[in-house]
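Undergrad: Under my numbering, read the sequence shown as residues 293 to 368, first letter to last.
Don't read these hints as lab results, they were simulated from the structure. Be careful, since some hints might not be right.
[Claimed, not checked] Think about it this way: if two alpha-carbon atoms lie no more than 25 Å apart in a straight line, the pair counts; the simulated DMTMM-like pairs of lysine to aspartate or glutamate are:
id, residue 1, residue 2
1, K323, D333
2, K323, D340
3, K323, E334
4, K323, D358
5, K323, D312
[Said to hold, decoys possible] Quick list of the computed label-pair ranges, beta carbon to beta carbon:
id, residue 1, residue 2, range
6, G352, D312, 15 to 21 Å
7, R331, Y356, 17 to 23 Å
8, D367, A339, 31 to 37 Å
9, E334, D358, 25 to 31 Å
10, A339, E304, 25 to 31 Å
Please read these numbers as outputs of a predicted model, since none were measured by experiment. Glycine residues also receive a C-beta, built at the ideal position from the N, C-alpha and C atoms.
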Amino acid sequence: MNEERRLPPFAEDTLALLTDAAGGSGGELPKGEALEVIRADERFGEADAQAALTELESRGHIYYVDETVRITPTDE
Numbered sequence: 293m294n295e296e297r298r299l300p301p302f303a304e305d306t307l308a309l310l311t312d313a314a315g316g317s318g319g320e321l322p323k324g325e326a327l328e329v330i331r332a333d334e335r336f337g338e339a340d341a342q343a344a345l346t347e348l349e350s351r352g353h354i355y356y357v358d359e360t361v362r363i364t365p366t367d368e
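Based on the provided sequences and hints, a complete structural model is requested.
TA: Next up, the structure:
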């Protein structure tokens, strides 16, 4: 059974925010800007923003190069 685990809703919402801000899948943002994008949404505070980035990184949806957050390209 090689079923991919579903992202929690807060992480899905965060990924959508970051993907839009980065110009689509495969885009990138400075880490500080990524945090600002997340915190600008009234649903997220500082701890939520950090937790969401950690969750997305652990699942392979984002990765870091220096202080840049990159959105992992998808086929969608």
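Undergrad: Each hint: holds or not?
TA: For each hint, the structure was consulted:
{"no.": "1", "hint": "K323 with D333", "result": "holds (16 Å)"}
{"no.": "2", "hint": "K323 with D340", "result": "holds (15 Å)"}
{"no.": "3", "hint": "K323 with E334", "result": "holds (19 Å)"}
{"no.": "4", "hint": "K323 with D358", "result": "holds (9 Å)"}
{"no.": "5", "hint": "K323 with D312", "result": "holds (15 Å)"}
{"no.": "6", "hint": "G352 with D312: 15 to 21 Å", "result": "holds (19 Å)"}
{"no.": "7", "hint": "R331 with Y356: 17 to 23 Å", "result": "holds (18 Å)"}
{"no.": "8", "hint": "D367 with A339: 31 to 37 Å", "result": "holds (32 Å)"}
{"no.": "9", "hint": "E334 with D358: 25 to 31 Å", "result": "holds (30 Å)"}
{"no.": "10", "hint": "A339 with E304: 25 to 31 Å", "result": "violated (18 Å)"}
The structure fails to meet hint 10 from the earlier list, while all remaining hints are met.
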